[in-house]
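Chemist: In case you want the letters, here they are:
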Amino acid sequence: MSALLQVRDLRKSYATRHGPVRAVDGISFDVEAGRTVALVGESGCGKSTIALTLVRLLEADGGEVRFEDIRLGQLSRRDDIEVRRKFGIVFQNPYSSLDPKMRVLEIVGEPLRTVLGMRGRALRERVIMHLEQVGLGPEHVDRYPHEFSGGQRQRIAIARAVALEPRLLILDEPTAALDVSIQAQVLNLLIELQRTLNLAYLFISHNLATVEYVADEVMVMYLGRIVEAGPVEAVFAAPRHPYTRALIDSIPLLDPSRRGTLQPLGGDVPSPLDVPEGCAFAPRCRYRSERCTRAAPALEETVLEETGERRRIACFHPLDGPIDGGVA
Amino acid sequence: MSAEPILAIGDLAVEFPLLSGTVEAVRGCSLSIGKGEVMALVGESGCGKSMLALACLGLVPKPGIVRGSVKVAGREVVGRTDRELADLRGGRAAMIFQNPASALNPFFTVGAQLQEVVARHRGLSRAAARQAVIAAFEDVRLPDPKIALGKYPHQMSGGQLQRVMIAMAVACRPVLLIADEPTTALDVTIQAQIIVLLRDLVERTDLSVLFITHDLGVVAEFCDRVAVMYAGAIVERGPVADFLEEPLHPYARMLLAAVPRLGAGRARLEAISGQVPNLAHLPRGCPFHPRCAKTSDVCRRDDPVMRRAARGRHVACHHALGAIDGGVTGSSEDAA
Numbered sequence: 001m002s003a004l005l006q007v008r009d010l011r012k013s014y015a016t017r018h019g020p021v022r023a024v025d026g027i028s029f030d031v032e033a034g035r036t037v038a039l040v041g042e043s044g045c046g047k048s049t050i051a052l053t054l055v056r057l058l059e060a061d062g063g064e065v066r067f068e069d070i071r072l073g074q075l076s077r078r079d080d081i082e083v084r085r086k087f088g089i090v091f092q093n094p095y096s097s098l099d100p101k102m103r104v105l106e107i108v109g110e111p112l113r114t115v116l117g118m119r120g121r122a123l124r125e126r127v128i129m130h131l132e133q134v135g136l137g138p139e140h141v142d143r144y145p146h147e148f149s150g151g152q153r154q155r156i157a158i159a160r161a162v163a164l165e166p167r168l169l170i171l172d173e174p175t176a177a178l179d180v181s182i183q184a185q186v187l188n189l190l191i192e193l194q195r196t197l198n199l200a201y202l203f204i205s206h207n208l209a210t211v212e213y214v215a216d217e218v219m220v221m222y223l224g225r226i227v228e229a230g231p232v233e234a235v236f237a238a239p240r241h242p243y244t245r246a247l248i249d250s251i252p253l254l255d256p257s258r259r260g261t262l263q264p265l266g267g268d269v270p271s272p273l274d275v276p277e278g279c280a281f282a283p284r285c286r287y288r289s290e291r292c293t294r295a296a297p298a299l300e301e302t303v304l305e306e307t308g309e310r311r312r313i314a315c316f317h318p319l320d321g322p323i324d325g326g327v328a
Numbered sequence: 329m330s331a332e333p334i335l336a337i338g339d340l341a342v343e344f345p346l347l348s349g350t351v352e353a354v355r356g357c358s359l360s361i362g363k364g365e366v367m368a369l370v371g372e373s374g375c376g377k378s379m380l381a382l383a384c385l386g387l388v389p390k391p392g393i394v395r396g397s398v399k400v401a402g403r404e405v406v407g408r409t410d411r412e413l414a415d416l417r418g419g420r421a422a423m424i425f426q427n428p429a430s431a432l433n434p435f436f437t438v439g440a441q442l443q444e445v446v447a448r449h450r451g452l453s454r455a456a457a458r459q460a461v462i463a464a465f466e467d468v469r470l471p472d473p474k475i476a477l478g479k480y481p482h483q484m485s486g487g488q489l490q491r492v493m494i495a496m497a498v499a500c501r502p503v504l505l506i507a508d509e510p511t512t513a514l515d516v517t518i519q520a521q522i523i524v525l526l527r528d529l530v531e532r533t534d535l536s537v538l539f540i541t542h543d544l545g546v547v548a549e550f551c552d553r554v555a556v557m558y559a560g561a562i563v564e565r566g567p568v569a570d571f572l573e574e575p576l577h578p579y580a581r582m583l584l585a586a587v588p589r590l591g592a593g594r595a596r597l598e599a600i601s602g603q604v605p606n607l608a609h610l611p612r613g614c615p616f617h618p619r620c621a622k623t624s625d626v627c628r629r630d631d632p633v634m635r636r637a638a639r640g641r642h643v644a645c646h647h648a649l650g651a652i653d654g655g656v657t658g659s660s661e662d663a664a
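Protein chains in written order, with this note's numbering: chain A, 1 to 328; chain B, 329 to 664.
Hints were generated in silico from the structure; no laboratory data involved. It cannot be assumed that every hint is accurate.
[Unchecked claim] Away from chain B, derived, C-beta distances all over 10 Å, residues of chain A:
#: 1; residue: 11
#: 2; residue: 42
#: 3; residue: 67
#: 4; residue: 129
#: 5; residue: 142
#: 6; residue: 144
#: 7; residue: 166
#: 8; residue: 265
#: 9; residue: 320
[What the hints assert, rightly or not] What the simulated footprint calls covered on chain A by chain B, stretch by stretch (three residues with Cβ under 8 Å from a Cβ of chain B suffice, anywhere in the stretch; the number is not a length):
#: 10; region: 84-92
#: 11; region: 208-214
#: 12; region: 241-248
[Stated by the list, open to error] To give a feel for the contact side, a few chain B residues facing chain A, derived at Cβ under 7 Å:
#: 13; residue: 394
#: 14; residue: 484
#: 15; residue: 487
#: 16; residue: 521
#: 17; residue: 524
#: 18; residue: 568
#: 19; residue: 569
#: 20; residue: 572
#: 21; residue: 587
#: 22; residue: 600
#: 23; residue: 603
#: 24; residue: 631
From the three backbone atoms N, C-alpha and C, an ideal C-beta is built for every residue, glycine too.
So here's chain A without its partners, still in its complex pose (with noise of 0.2 Å):
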């Protein structure tokens, strides 16, 4: 059977003055029904790209995006609405996703006004049920947003994603804005709506410790181009890709007595209107060779010996082996 969100060669590119920056380069993956794969990467990456084209809010260049094996994009209007129920989307900050000028009843009630027609005591007993689903009482409903903390209003956004049912939800960094106490709250119950709801995830952050609490596979992105994939533990444990290394090692570690152990990349993402020949990475990486400022890697499958498990790299030198004493 084939995975419930399938991506093939995804292309956005933006005009500027300065001409065209391709914030996503032929990204192609799957999202199997129920699981959850995280998009990680820095700022500018085109994680945020990805999100916005899959739900359309963008148009792509290039490539195509099928669910259940539907292809988006060339359906008839109404066949397009029902494909689009299936999945939703949470965005990073609460404070400017919720409109200030709607109670939570309209909020939470809008898709199911919309889309299923639903009116009056059925559709506000429907909105109470979706908020006890995320831990929100029935007093709230008619409330504005003004009215919750952070973490209430990504509370109530989730209400919302999942008010018409949806098998796939895109999670925008929905926690980035959020305190670590709230942070862990609404990672909770995230975790707690998968199960009970049989959803898949696309999670979007630039936290490779949230993605290790919440994913089941990773893709490290870079420029526009996925450079690594495969399961989070073994990616983050054992990562091939000098990239994904460089990431881990600039994580400041819960632990005194590695102090000083912090290996800084050196310099800056290149300006993505002036991406280098070759690897885009190349300029950063300590391990470029003469061949990597030549042409770019193409994003190879290979099965590892060890453990049997497939990872995608874009390298000609990946690396090998688990980082020393583990990433504790």
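Knowing the structure of chain A, use the given hints to seat chain B on it.
Modeler: Structure of chain B alone, referenced to chain A:
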């Protein structure tokens, strides 16, 4: 650590009178930072940590009321006028912020903005100020310092701008640096660069740092001691290693348990239930009691005072674990 602290905060309070009640943004905070020491101030949004930092430079906005004492290198800040504080701000004490792009003027080159500060505080000529700025840029490892002088803020990346801010902060050779979430807006690879840079500056110049953050990993990596704030008050302070090994205050414990750690896999995170209290309507007794698992009658009745624990640690909790020797610390910080 020298005998006299570089920063000494004693029983500091900041209040904002509102129609709906008084917002107690900072409540009776005491801490001190010695020469060359890095003190972390951690807590969640709205706990008062940024207001405490602003009070250190006499920058609490109107109509805020400040009580208590803040001494920078022995000189009192509370109650002084802007004119009296002009030499302190950007001179002996410098501050860097979360978002360097909004702390710099977009209409002037970064070189011009730094030269103005250096000329003002060090009384240098134009040419000498220019040389000092180039030296400061070299100090923070900004590539091509002479070219960087002529750049406008929008022509630099976030990491480069934070280096410019740090260069501006250290160019006047301060004794105290207050850093308010300086790496929060940066990507993790750039954050690592900035931490390494700050550590190098502290080691070379014996700078004292008040480092405000909510990232406990950065605390572990960079800071010597830590103060944890909750609802306007410091609830625990002490050496970072002890704190990470065994936090004393239940809030600090829960905060540490809520942080996802790389390598921990799917071990369940313990979320803290409930919300941070409204600073205009604090609950009676200990402000953390509605969210605390150890709450008893005394917690609902009395706000706990800071007590001394073993190994230079302090905690404000009626039920704190660990070896508390019962001493109540006064308003001014003792041997901590």
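Chemist: With reference to the structure, classify each hint as holding or not holding.
Modeler: Structure-based check of each hint:
{"no.": "1", "hint": "11", "verdict": "24 Å, holds"}
{"no.": "2", "hint": "42", "verdict": "4 Å, violated"}
{"no.": "3", "hint": "67", "verdict": "27 Å, holds"}
{"no.": "4", "hint": "129", "verdict": "22 Å, holds"}
{"no.": "5", "hint": "142", "verdict": "20 Å, holds"}
{"no.": "6", "hint": "144", "verdict": "17 Å, holds"}
{"no.": "7", "hint": "166", "verdict": "23 Å, holds"}
{"no.": "8", "hint": "265", "verdict": "4 Å, violated"}
{"no.": "9", "hint": "320", "verdict": "20 Å, holds"}
{"no.": "10", "hint": "84-92", "verdict": "violated (count 0)"}
{"no.": "11", "hint": "208-214", "verdict": "holds (count 5)"}
{"no.": "12", "hint": "241-248", "verdict": "holds (count 3)"}
{"no.": "13", "hint": "394", "verdict": "26 Å, violated"}
{"no.": "14", "hint": "484", "verdict": "9 Å, violated"}
{"no.": "15", "hint": "487", "verdict": "6 Å, holds"}
{"no.": "16", "hint": "521", "verdict": "4 Å, holds"}
{"no.": "17", "hint": "524", "verdict": "5 Å, holds"}
{"no.": "18", "hint": "568", "verdict": "6 Å, holds"}
{"no.": "19", "hint": "569", "verdict": "4 Å, holds"}
{"no.": "20", "hint": "572", "verdict": "6 Å, holds"}
{"no.": "21", "hint": "587", "verdict": "5 Å, holds"}
{"no.": "22", "hint": "600", "verdict": "4 Å, holds"}
{"no.": "23", "hint": "603", "verdict": "5 Å, holds"}
{"no.": "24", "hint": "631", "verdict": "21 Å, violated"}
Consistency note: the structure conflicts with the earlier hints numbered 2, 8, 10, 13, 14 and 24.
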